[in-house]
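Undergrad: All chains, full assembly: derive it from the sequences and hints.
Below are the chains, spelled out letter by letter.
There are 2 protein chains.
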Amino acid sequence: MPVYSAPVRDTQYVLEHIVELGKYDNLPTFANASSDLVEAILTEGGRFAGEVLAPLNRIGDEEGCTRHADGSVTTPTGFKDAYKQFCEGGWTTLSAPEEYGGQGLPQVLASAVSEYVLSANQAFEMYHGLTAGAIASLLVKGTEEQKAMYVPKMVAGTWTGTMNLTEPQCGTDLGLIKTKADPNDDGSYAISGTKIFISSGEHDLAENIIHLVLAKIAGAPDNVKGISLFVVPKFLVNEDGSVGERNPVSCGSIEHKMGIHGNSTCVMNYDGAKGWLVGEPEKGLAAMFIMMNAARLGVGMQGLAIGEVAYQNAVMYAKDRKQGRALKPEDRDPQSKADNLFVHPDVRRMLMEGKAFNEAARALILWGSLQVDLSRKAQTEEERVAADDLISVLTPVIKGYLTDRGFETAVNAQQVFGGHGYIREWGMEQFVRDARIAQIYEGTNGVQAMDLVGRKLAKDGGRGVRAFFELVGRDIAEARAAGDPAGIAEPLEEAVKHLQGATMWLAQNGMTDPNNAGAGAYAYMQLMGLVSLGWMWLKMATVSGRLQSQASEDKDFHETKIITARYFAQRELVAASTLRKKVEAGAESVMALPVEAF
Amino acid sequence: MPVYSAPVRDTQYVLEHIVELGKYDNLPTFANASSDLVEAILTEGGRFAGEVLAPLNRIGDEEGCTRHADGSVTTPTGFKDAYKQFCEGGWTTLSAPEEYGGQGLPQVLASAVSEYVLSANQAFEMYHGLTAGAIASLLVKGTEEQKAMYVPKMVAGTWTGTMNLTEPQCGTDLGLIKTKADPNDDGSYAISGTKIFISSGEHDLAENIIHLVLAKIAGAPDNVKGISLFVVPKFLVNEDGSVGERNPVSCGSIEHKMGIHGNSTCVMNYDGAKGWLVGEPEKGLAAMFIMMNAARLGVGMQGLAIGEVAYQNAVMYAKDRKQGRALKPEDRDPQSKADNLFVHPDVRRMLMEGKAFNEAARALILWGSLQVDLSRKAQTEEERVAADDLISVLTPVIKGYLTDRGFETAVNAQQVFGGHGYIREWGMEQFVRDARIAQIYEGTNGVQAMDLVGRKLAKDGGRGVRAFFELVGRDIAEARAAGDPAGIAEPLEEAVKHLQGATMWLAQNGMTDPNNAGAGAYAYMQLMGLVSLGWMWLKMATVSGRLQSQASEDKDFHETKIITARYFAQRELVAASTLRKKVEAGAESVMALPVEAF
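Protein chains in written order, with my numbering: chain A, 1 to 598; chain B, 1 to 598.
Any given hint might turn out to be false.
Distance condition first, Cα-Cα at most 30 Å in a straight line; then the derived DSBU-like pairs of lysine-lysine [as the list claims (entries may be wrong)]: (1) B:K80 with B:K180; (2) B:K328 with B:K555; (3) A:K497 with B:K581; (4) A:K180 with B:K337; (5) B:K459 with A:K328; (6) A:K459 with B:K328; (7) B:K337 with A:K322; (8) A:K459 with B:K180.
Keep in mind that the hints were calculated from the coordinates and are not lab data. Being a predicted model, the structure only gives us computed values, none of them experimental.
TA: Okay, here's the thing in structure tokens:
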């Protein structure tokens with residue numbers, strides 16, 4: 001059975017030196033996050049994840065969820081009790097506003113904890129994870145009455161939330177939605193239609209489930225401009241806030257999936273269910289995107305989280321398993337007939353890849369979460385806009401690139417186990433199956449690439465991507481001034497040049513033929529992801545170089561950071577030139593064949 | 001449910017123009033392969049695979065195999081009947097020698113058919129696939145008596161074969177084997193020990209199962225030099241060839257695996273089972289390697305086979321599914337609210353990647369199978385050695401690179417389905433799970449890389465790799481002379497230069513520190529795989545350019561080949577420089593960390 005130990009030390013390092021939490025003491029929510037409290041939350045969150053949630057991960061995979069004849073759904077053994085503990089421990093409330101019962105802490109701290117929960121049990125996390133997104137949409141777009149009615153219970157975890165977009169005929173292309181909303185006399189709407197792939201759509205963990213549903217009001221344009229957002233509770237809510245009548249929305253079936261079996265992925269049937277408009281009519285997509293942007297960062301975190309836990313288990317196995325001999329006689333263990341897997345350079349390569357990915361991904365995504373915080377809470381409008389610019393550009397990169405790399409990391413970790421990696425009991429193959437979904441949902445990674453290239457690059461005249469280049473350039477200069485202990489400044493600068501070249505190429509050639517942008521989008525996203533991780537390694541190497549030279553108890557920790565940064569510079573950043581060439585190859589050979597030729 | 005249609009047209013193209021079957025009419029077995037017969041076999045083999053085997057693929061996945069209390073194993077519904085038809089149709093006999101009841105056809109033809117069988121149902125194919133390898137070992141190393149006793153029944157499929165290497169404590173490192181062979185008075189041995197991961201170890205398809213087992217004879221060196229090979233039948237064979245007494249070898253349990261559920265992967269317990277030495281004592285590894293080399297090419301074929309069937313289904317889905325709008329207004333279907341997925345460049349990219357991989361992989365692996373044939377049947381010793389040199393070098397590349405790329409192709413094909421790809425009913429996730437094993441078994445792909453770099457490059461003073469470079473260089477010159485219609489000669493030449501540079505680097509730096517070879521081995525294997533596929537595209541583009549200019553009915557077919565070759569040149573070969581840099585990065589940053597730092 002896989003093990004999991006939350007990387008609290010590394011999270012602290014990132015929060016202190018990359019996010020630089022201490023700098024923002026003067027801002028709302030950050031003021032609540034004393035370093036003692038942060039440490040306590042990380043430690044206790046890590047413990048809860050490792051001790052309570054991780055042991056349920058294989059059970060969830062093996063049992064899955066069960067739908068009963070009446071449409072009710074039972075979660076796997078142990079999930080209900082664990083969820084109760086999760087709520088009682090306050091883990092649903094970290095970053096929620098205090099006025100709704102939250103702890104009013106920065107988003108970046110909630111993100112840090114969510115990594116642990118996802119590593120331990122991705123399927124479990126999703127019951128709460130989507131609730132957080134639903135809360136965000138309600139807080140921004142809901143009426144005061146709606147907020148008061150739903151949010152406190154959702155913050156407490158007593159009720160959970162869902163997002164309902166996909167229908168059988170449409171996922172990416174929401175303009176094709178058929179679900180209808182007919183006005184009732186009382187100001188509510190009767191919602192009718194079928195939604196599919198609804199994560200946590202029905203289950204036994206919460207007293208009520210609050211569905212946020214995209215639908216078209218009768219008479220609205222039958223395209224993407226005619227979509228409105230509705231809140232549709234499973235049980236109608238009485239005036240006193242208690243749970244009332246059952247709303248005619250039900251789970252028609254549970255999907256049989258490749259992985260995340262512990263989460264109930266439902267077909268939801270709305271049969272004239274009562275719903276209330278959230279925000280303005282026909283502005284539903286914008287409202288849903290509040291939820292979706294948060295969800296995309298959360299999905300990016302899934303890439304890291306599964307990468308981390310899979311890596312940890314591969315390291316354990318490599319330490320334990322003796323097989324073959326070191327290539328150099330002096331590295332051989334004379335006491336044993338075989339050496340542990342660490343002596344084999346190709347096993348090391350896989351483990352270094354995992355380590356180098358995980359630690360940079362953690363830095364990037366927590367830095368990204370900081371931008372979310374700053375976009376709301378920074379002191380000046382200028383600072384808020386600057387943070388929003390950055391996270392707008394990087395959200396598709398974090399979602400798309402980190403989930404691809406997280407999947408690869410899980411595949412490599414499985415590979416370290418040899419044949420045992422393919423056997424269910426070892427649990428490695430579950431990580432691969434679970435990790436796979438993150439590349440698909442919340443907008444496939446291809447959709448993320450198009451979002452990046454088609455929307456985000458050009459947004460506000462390219463302000464976001466320019467700010468990104470500026471930040472990276474500044475840090476390269478700073479690294480050089482600090483002696484660049486990992487030798488990463490030059491390879492990163494080279495990679496940045498390739499990214500800038502590719503950006504320019506897209507700007508010029510995407511205009512003449514938009515298919516050029518489409519054909520190069522994926523490689524461009526990969527290139528920006530690579531540069532982003534390289535940037536984080538540059539930052540970490542600079543910090544660790546400085547700290548290492550001071551008398552420190554953590555000399556080995558910092559030395560490890562510097563070596564890993566060097567590894568990334570030598571083995572990973574070298575991919576930049578190829579990715580640029582793929583971008584600049586253009587659309588011609590991609591689009592040349594007639595459909596019949598396939 | 002997934003569909004499958006054997007790519008007979010493309011196989012014929014490869015056999016005619018890349019393998020150039022017609023050139024070898026004068027050789028044994030080739031003389032039997034008239035072009036009419038080849039066409040009939042491909043067509044009928046494709047039909048059988050598509051109509052009989054493919055419909056059982058999901059059933060096999062859902063049901064798996066069942067072990068009963070007495071140790072017997074039942075295969076999934078329909079497998080037994082299909083296997084009967086498979087044997088009756090003569091599909092087990094294609095390349096077996098006529099004197100043992102075979103059809104005496106070239107290996108390359110049997111390989112071509114095995115692609116179809118594997119695409120349709122990988123788990124099913126493995127019952128026969130391993131038998132073919134066991135036959136090969138017996139034919140080369142067995143006594144006349146052993147051959148007469150076992151081979152005809154195995155050729156007919158009445159009996160099947162297995163290979164027993166792995167034990168709980170060892171897979172790659174066979175020196176650690178504990179299974180013992182104690183001499184009996186009658187010249188046989190009593191085999192005792194536990195073998196794991198034994199594909200098709202026990203099942204209900206055949207009347208007898210012939211296990212080839214690695215064990216150590218009492219008193220032999222307790223390392224890799226003390227290993228002998230034994231044949232251990234499930235039922236002892238009477239003098240008249242009939243099945244006699246049950247041998248004490250039994251299936252202790254069936255492994256629960258990520259995929260290939262339809263194949264029974266067994267823990268086999270040998271409790272003093274009667275076995276007979278195959279070949280000389282303590283030369284077991286060499287004897288097993290005959291089987292293993294054949295098996296490695298077969299596993300490479302699995303990469304292609306799953307890539308092909310997954311691609312076919314992604315193409316079907318992309319044609320059918322309408323979602324979103326073409327980026328260019330003129331490409332939009334005015335009759336519909338959405339366009340099919342083919343309009344989206346990033347979907348095309350995934351499909352082109354699949355197409356470009358599958359077709360080149362088919363050419364490479366059939367060309368490789370030809371070398372196997374020529375290494376045995378070419379007229380002169382010089383020709384036989386030359387063929388053997390080439391396939392020795394390319395076997396680890398075909399196994400390692402083609403299974404990695406096949407897995408990626410399956411993952412991309414699943415991605416084309418969006419959320420539906422994650423749902424079991426669509427069958428795409430099964431392809432991903434099934435494809436994953438091919439990267440692991442028969443020597444992990446990391447082991448293949450080490451075989452390539454550590455053994456094959458230097459073998460016979462580098463004769464094999466030099467011959468490879470010579471062939472590729474000659475074909476580049478020929479392509480140029482023919483006008484290079486795909487513009488692939490230059491990018492391939494560039495990639496070859498990188499491969500040559502990396503080869504040189506390894507030769508120089510692997511000597512000073514063998515970890516340099518180990519740390520660069522994987523990237524080197526990828527680079528050689530890339531060049532090999534590029535070489536096949538160059539060959540195909542040259543052929544198709546010539547044929548296209550002649551008045552031909554197949555103009556579109558050849559035009560498609562040329563465009564796909566151009567795609568490969570522009571989008572794939574550009575990775576060569578990065579792979580070389582990874583090789584030349586050396587071992588330092590890979591090996592620098594102490595084990596405790598992970």
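Undergrad: Are the hints correct? Go through all of them and say.
TA: We went through each hint and held it up to the structure:
1. B:K80 with B:K180: 34 Å, violated
2. B:K328 with B:K555: 28 Å, holds
3. A:K497 with B:K581: Given that 30 Å is the threshold and the Cα spacing comes to 18 Å, the pair holds.
4. A:K180 with B:K337: Satisfied, since the Cα-Cα distance of roughly 18 Å is no more than 30 Å.
5. B:K459 with A:K328: 20 Å, holds
6. A:K459 with B:K328: 20 Å, holds
7. B:K337 with A:K322: 60 Å, violated
8. A:K459 with B:K180: 71 Å, violated
Going through the hint list in order, the structure does not satisfy hints 1, 7, 8.
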